[in-house]
Amino acid sequence: MTAQRIETARKTIPNASKYEIDADGFVYRKSTRLMNNETRDMRRLRLSRLNGRWSALVYTDNGKQWRFDPERLARSLFHAPDPVLTYEDIMNNFKTRPVEGFPRYVVTPYGAIYCIDPPKRGKNAGACYLVHETLKRGRAFVTLRDYDGSRKLLKVDNVVKRAWEY
Numbered sequence: 169m170t171a172q173r174i175e176t177a178r179k180t181i182p183n184a185s186k187y188e189i190d191a192d193g194f195v196y197r198k199s200t201r202l203m204n205n206e207t208r209d210m211r212r213l214r215l216s217r218l219n220g221r222w223s224a225l226v227y228t229d230n231g232k233q234w235r236f237d238p239e240r241l242a243r244s245l246f247h248a249p250d251p252v253l254t255y256e257d258i259m260n261n262f263k264t265r266p267v268e269g270f271p272r273y274v275v276t277p278y279g280a281i282y283c284i285d286p287p288k289r290g291k292n293a294g295a296c297y298l299v300h301e302t303l304k305r306g307r308a309f310v311t312l313r314d315y316d317g318s319r320k321l322l323k324v325d326n327v328v329k330r331a332w333e334y
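In terms of this note's numbering, the sequence shown opens at residue 169 and continues consecutively.
Don't take every hint at face value.
[To be verified] Below are the DSS-like pairs computed for lysine-lysine, each with C-alpha atoms no more than 25 Å apart in a straight line: (1) Lys304 / Lys323; (2) Lys323 / Lys263; (3) Lys186 / Lys198; (4) Lys179 / Lys232.
Simulated from the structure, these hints should not be mistaken for lab results.
Could you put together the complete structure from these sequences and hints?
Encoded structure:
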């Protein structure tokens, strides 16, 4: 018995009219072979793994190659945009206190650290965001940046203890 894929809605990829993408991130190419009733057959492209992410390689309408992340493109075409955290949301909906020595950040009693004064440039520019933590030797660490650009690696436990005085 073979697994069957359920057909999902597809949309044409912008600036690459010979290709379509579905909501799951699979990319299809219109083949040049005509099938019955003059309809075009769609062939699924093989995705490649590049730097830990899936990517697809297509030719644009100009004839140039374009490599992109199909999951990211599918999210932007098919799904609603991710909700954006605002300063008011963080301060009113979560019990937060400022992080000692880093006024850009606030911490909750359960260890979530938010940046409430986002940077002007970069991937988190212009919006408040939850700071990502990394695990080292089984302990959670965060990198906090000061206004001058200097950064410091701190244990999440220590940040919570200092702010909430446990």
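To see whether the hints hold, each was checked on the structure:
1. With a CA separation close to 10 Å, the supplied pair Lys304 and Lys323 stays within the 25 Å bound.
2. For the hint linking Lys323 to Lys263, the alpha-carbon distance of about 20 Å falls within 25 Å, and the restraint holds.
3. This hinted pair checks out: Lys186 and Lys198 have alpha carbons roughly 6 Å apart, not beyond 25 Å.
4. Using a Cα cut-off of 25 Å, the hinted pair Lys179 and Lys232 holds, with the two alpha carbons roughly 20 Å apart.
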